[in-house]
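Sequences and hints are given; from them, build the entire structure.
Residue numbers (numbering that gives the first Met the number 0), protein chains in the order written: chain A, 0 to 391; chain B, 0 to 201; chain C, 0 to 391.
FYI, nobody ran anything at the bench for these hints, they're computed from the structure.
Any given hint could turn out to be false.
[As the list claims (entries may be wrong)] Chain B is faced by these chain C residues, among others (derived, beta-carbon under 8 Å):
{"id": "1", "residue": "W307"}
{"id": "2", "residue": "V311"}
{"id": "3", "residue": "I367"}
Ideal Cβ positions, reconstructed from N, Cα and C, are used throughout, including at glycine.
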Amino acid sequence: MISNVTTDSRTGLETREMVLNMGPQHPSTHGVLRLEVVTDGELVVKAIPHIGYLHRCFEKHAEALSYQTVIPYVDRLDYLASMNNDLGYAIAVETLMGKSEKTKIELSDRVEYIRVVVAELNRIASHLMLLGTFTMDLGAITPFTWLFRDREYILDLFEEVSGARLLYNYIRVGGVSYDFPPGFEKKITDFIDETLEPHMAECDDLITFNKIFIERAADVGVVSSEEALAWALSGPMLRGSGVGFDLRKDDPYSVYDRFDFEVAVGDGRYGPIGSCWDRYYVRRLEIDESIKIIRQALEQMPDATEPDEVRSAIPKTVRPPEGEVYVRTENPRGELGFFVRSDGSANPFRIKGRSPCFCNLSIMERLSEGCLIADLITILGSVDIVLGEVDR
Amino acid sequence: MRALTEYFKNIYLALETAITGMAVTLRHQGRPSVTFQYPDQPRPQPLPPRSRMSLFMDADDCIACMQCARVCPVDCIELESNKRGKEEEVPETTTGHKKRLELTLFDIDMSLCCYCSDCTEVCPTHCLYMTPEFEFGLVNDDRQILRETSEENRIRMQRQVVGPDESRQGFIYDFMAITKHLKETGKGVPPNPLPETDRWEK
Amino acid sequence: MEALATLLAETTGLTGVPHIVWMIIGGLTAAGIATAVMGVTPLLLVYVERKVSAHVQDRLGPMRTGFHGLLQTLADAFKLLFKEQIEPEQSDKLLFVLAPGVVFMGAFAALAALPLGMGITAADLNVGLMYILAMTSVSVVGIIMAGWASNNKWSLLGAMRSAAQIVSYEVPASFGVLTAVVLAGSLNMGEISAAQSGGIWNWFVFQSPFGFLAFVMLFIAGLAETNRVPFDIPEAESELVAGYHTEYSGMRFAFFFMAEYVNMLIVACLGAVLFLGGWNGVLPGEPVFAGIPWLLAKVAVLMYVIVWLRWVLPRLRVDQLMTVGWKVLVPLTMVTVLGAAVQVLSPPSTQIVFRIVAWAMTGVVVLISIRAWRQTAHVPIRKKELASRAVA
Numbered sequence: 000m001i002s003n004v005t006t007d008s009r010t011g012l013e014t015r016e017m018v019l020n021m022g023p024q025h026p027s028t029h030g031v032l033r034l035e036v037v038t039d040g041e042l043v044v045k046a047i048p049h050i051g052y053l054h055r056c057f058e059k060h061a062e063a064l065s066y067q068t069v070i071p072y073v074d075r076l077d078y079l080a081s082m083n084n085d086l087g088y089a090i091a092v093e094t095l096m097g098k099s100e101k102t103k104i105e106l107s108d109r110v111e112y113i114r115v116v117v118a119e120l121n122r123i124a125s126h127l128m129l130l131g132t133f134t135m136d137l138g139a140i141t142p143f144t145w146l147f148r149d150r151e152y153i154l155d156l157f158e159e160v161s162g163a164r165l166l167y168n169y170i171r172v173g174g175v176s177y178d179f180p181p182g183f184e185k186k187i188t189d190f191i192d193e194t195l196e197p198h199m200a201e202c203d204d205l206i207t208f209n210k211i212f213i214e215r216a217a218d219v220g221v222v223s224s225e226e227a228l229a230w231a232l233s234g235p236m237l238r239g240s241g242v243g244f245d246l247r248k249d250d251p252y253s254v255y256d257r258f259d260f261e262v263a264v265g266d267g268r269y270g271p272i273g274s275c276w277d278r279y280y281v282r283r284l285e286i287d288e289s290i291k292i293i294r295q296a297l298e299q300m301p302d303a304t305e306p307d308e309v310r311s312a313i314p315k316t317v318r319p320p321e322g323e324v325y326v327r328t329e330n331p332r333g334e335l336g337f338f339v340r341s342d343g344s345a346n347p348f349r350i351k352g353r354s355p356c357f358c359n360l361s362i363m364e365r366l367s368e369g370c371l372i373a374d375l376i377t378i379l380g381s382v383d384i385v386l387g388e389v390d391r
Numbered sequence: 000m001r002a003l004t005e006y007f008k009n010i011y012l013a014l015e016t017a018i019t020g021m022a023v024t025l026r027h028q029g030r031p032s033v034t035f036q037y038p039d040q041p042r043p044q045p046l047p048p049r050s051r052m053s054l055f056m057d058a059d060d061c062i063a064c065m066q067c068a069r070v071c072p073v074d075c076i077e078l079e080s081n082k083r084g085k086e087e088e089v090p091e092t093t094t095g096h097k098k099r100l101e102l103t104l105f106d107i108d109m110s111l112c113c114y115c116s117d118c119t120e121v122c123p124t125h126c127l128y129m130t131p132e133f134e135f136g137l138v139n140d141d142r143q144i145l146r147e148t149s150e151e152n153r154i155r156m157q158r159q160v161v162g163p164d165e166s167r168q169g170f171i172y173d174f175m176a177i178t179k180h181l182k183e184t185g186k187g188v189p190p191n192p193l194p195e196t197d198r199w200e201k
Numbered sequence: 000m001e002a003l004a005t006l007l008a009e010t011t012g013l014t015g016v017p018h019i020v021w022m023i024i025g026g027l028t029a030a031g032i033a034t035a036v037m038g039v040t041p042l043l044l045v046y047v048e049r050k051v052s053a054h055v056q057d058r059l060g061p062m063r064t065g066f067h068g069l070l071q072t073l074a075d076a077f078k079l080l081f082k083e084q085i086e087p088e089q090s091d092k093l094l095f096v097l098a099p100g101v102v103f104m105g106a107f108a109a110l111a112a113l114p115l116g117m118g119i120t121a122a123d124l125n126v127g128l129m130y131i132l133a134m135t136s137v138s139v140v141g142i143i144m145a146g147w148a149s150n151n152k153w154s155l156l157g158a159m160r161s162a163a164q165i166v167s168y169e170v171p172a173s174f175g176v177l178t179a180v181v182l183a184g185s186l187n188m189g190e191i192s193a194a195q196s197g198g199i200w201n202w203f204v205f206q207s208p209f210g211f212l213a214f215v216m217l218f219i220a221g222l223a224e225t226n227r228v229p230f231d232i233p234e235a236e237s238e239l240v241a242g243y244h245t246e247y248s249g250m251r252f253a254f255f256f257m258a259e260y261v262n263m264l265i266v267a268c269l270g271a272v273l274f275l276g277g278w279n280g281v282l283p284g285e286p287v288f289a290g291i292p293w294l295l296a297k298v299a300v301l302m303y304v305i306v307w308l309r310w311v312l313p314r315l316r317v318d319q320l321m322t323v324g325w326k327v328l329v330p331l332t333m334v335t336v337l338g339a340a341v342q343v344l345s346p347p348s349t350q351i352v353f354r355i356v357a358w359a360m361t362g363v364v365v366l367i368s369i370r371a372w373r374q375t376a377h378v379p380i381r382k383k384e385l386a387s388r389a390v391a
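The following block contains the structure:
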């Protein structure tokens with residue numbers, strides 16, 4: 000990449016733009032992302048993302064596995080929100096199986112509510128991670144440690160229910176792998192009442208409305224709503240620009256239509272709508288909404304009618320009829336879609352994951368024109384990428 | 000005039016939010032710490048029984064059905080067995096299954112294992128299970144880190160055991176040798192921590 | 000130094016020794032004390048910083064080396080002594096080696112004019128303040144040398160930013176200092192301290208509203224001078240890895256480190272001597288032990304606040320930093336200088352009005368702090384419960 004050389008007409012001095020490499024290893028490019036940055040002093044002329052460092056051929060691998068054994072691979076796509084990935088894939092395969100009467104799967108209500116509770120808990124954990132790392136990129140190190148501590152509580156809860164802390168292999172095609180252990184519902188509500196809500200209030204005091212933080216984030220990386228729709232953004236990136244589109248409300252899956260919650264939308268109270276601060280605040284509000292959903296789900300959840308109810312609908316072999324289906328769910332980062340095509344055998348013919356971060360990252364080059372290097376870090380942090388998903 | 004009030008309002012807000020932040024951090028300074036000094040202080044609460052920290056297999060209970068090898072997403076289980084002769088006695092496992100095949104090789108390459116526990120779910124005799132044991136550092140009883148380890152220590156700590164094919168170095172656990180060693184030396188196999196209600200019944 | 004010389008002469012009781020000998024011995028002793036301060040302060044400050052950061056983040060900090068980690072910095076110092084000093088191949092060798100020395104020298108030389116107590120100064124210059132400001136500005140040259148000689152684009156960026164920042168904030172720092180000079184009528188640190196004797200109501204922060212404002216602004220400008228948060232853009236870890244001292248290792252890095260902490264000490268000392276009464280105590284009368292404990296206590300409080308602020312605020316972007324420096328601090332400090340001049344020239348009967356306004360400003364700040372404290376009372380913490388919840 001040859002940078003431009005400009006000659007100053009008066010003095011005859013040649014200046015050249017600098018090409019910096021924020022390489023695959025960098026403290027703040029959340030994963031192995033390479034950003035080739037062409038700068039004119041402190042001003043960024045262009046920032047080109049290079050991806051592919053974490054490509055693991057998930058889609059090709061899946062063609063050799065059976066449908067249930069794809070689940071550990073799907074976990075590892077967006078490793079910070081494993082439950083949501085599992086949920087999306089499981090719903091896709093179940094929808095495909097529902098196309099023929101022989102293979103139709105009837106899920107009990109308890110299974111659906113368990114899935115919603117763990118998916119929303121994982122959404123909270125993922126957003127806590129984003130709030131922590133975003134503020135750390137801006138220089139405030141304390142919220143990172145506090146929010147990660149709260150995330151540890153959630154991971155401990157997940158360890159009790161599924162056995163693992165980060166990659167759960169929990170939501171299966173046709174059910175979930177374990178029922179809640181006794182006393183688990185109370186642990187969740189205790190955690191939310193006594194730990195999560197006070198700590199989120201403290202986080203608001205410390206950083207969300209801090210003037211310096213607002214100055215850093217509220218004028219930067221502005222995406223207008225038309226642009227957001229044109230670039231196929233989804234999730235908090237889209238909602239931060241003022242477009243109130245949430246798949247849980249507009250295209251509900253599982254039992255999300257039984258809950259009463261708001262869709263958090265950026266309102267541009269500190270700057271233009273669609274800035275980094277709006278996206279940060281949307282994610283902060285989404286934690287509150289997820290808490291509402293979890294409370295309602297735990298109240299509405301029916302008790303288990305038979306001992307192994309959550310596993311009873313899991314088929315012995317998953318053999319969907321011939322056909323294809325595309326199912327989209329709301330990942331913490333946006334619209335996660337799974338396209339599954341089956342040819343009637345026990346292995347999928349083709350699985351494609353529509354990754355929200357991949358599409359959200361495409362706007363990076365446009366947003367980075369004309370900003371300062373410090374702003375580049377802010378914008379990258381607010382896009383909230385997870386390279387496992389971008390590269391699959 | 001409006002610009003002037005904006006100017007002073009910004010200054011006031013900056014100072015006020017800084018003071019609020021200072022108040023929050025001051026509150027945290029008086030609180031007890033949420034971390035504890037491992038390994039001097041042990042973990043306050045044990046890991047839950049479903050925790051998937053290490054994989055163990057009791058080779059005496061295996062009926063060589065190959066379900067685990069078939070379901071593994073990463074193909075890390077290697078299983079070989081022999082048919083028994085017609086007149087041989089057919090032993091039984093502790094769960095009442097008949098061991099029609101004789102197990103000759105059961106190796107799991109732990110460097111490939113992704114700890115998904117799919118294999119433990121399909122095992123009919125529940126001889127393959129995951130335990131919450133995670134402290135695998137090569138230390139002796141005095142917590143000194145061992146540099147040279149004897150074969151016994153290796154088997155005891157389930158570390159690098161060379162399988163029958165020496166070219167396959169790596170974390171290959173030869174579970175038949177491990178089970179035999181543990182039972183012979185009286186140390187006993189780690190018990191299956193999952194309660195009966197959580198186990199997958201086929 | 001006069002006082003030290005006469006002290007030595009009297010205690011030893013040797014007559015016939017020319018006065019110049021006592022002066023030289025006194026000077027060397029004072030220089031030795033300054034070196035000791037230079038070496039010990041970073042040791043203490045690094046430990047304090049790590050412990051304060053740990054307690055703010057709900058963790059323990061250094062605990063293993065020595066009792067509660069007291070020997071941690073000694074261990075770090077030993078490690079740095081024995082580490083290999085790597086030089087990049089294409090670097091400018093002479094500048095690379097000289098840069099840490101220049102930075103260190105700037106901080107070290109300024110220690111000479113700082114008072115330790117009543118009459119105890121290594122060099123009681125008539126223009127002590129100007130000398131201190133001049134010597135701290137020498138560090139800028141060293142920083143630019145370090146950034147250029149490292150042959151690293153990131154280091155160069157950091158050095159440029161740092162140079163711009165330090166030079167810009169010299170102006171409000173000088174004006175803030177000038178306010179105290181105007182109020183006291185002398186550039187001599189000792190006389191400025193003496194002008195604040197007679198009890199806490201005579202300290203310049205409480206004697207004059209312009210003194211109060213100038214103290215706050217000198218504190219902020221001092222933070223910017225020493226590259227501390229929220230002005231630590233040159234060392235922004237998440238953007239430039241380590242800024243201008245990325246390529247330094249071993250003892251050379253230790254020099255940069257020590258220079259930063261001694262600069263913090265100088266800023267705290269300036270604030271304490273110029274506005275908080277220097278070595279004077281709270282009650283009127285002669286301070287005990289020549290006021291050394293009082294001065295050390297004030298300096299300790301200010302340094303604690305500087306360390307504390309690091310974990311509270313995110314960092315400012317470069318252009319916002321410049322805005323704050325030139326558009327906010329410079330006009331306001333000019334106002335304080337003029338106001339101090341007006342106050343000094345007013346008749347003595349009107350002085351009480353100024354004092355009342357200063358106390359009113361202090362009251363407003365105290366009220367804001369109390370309101371902030373009450374507003375952040377979210378989590379009712381009982382000690383045992385938190386300890387048992389350490390692993391949920």
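Hints and how they fare:
no.: 1; hint: W307; in the structure: 7 Å, holds
no.: 2; hint: V311; in the structure: 4 Å, holds
no.: 3; hint: I367; in the structure: 6 Å, holds
The structure fails none of the hints (numbered hints given earlier).
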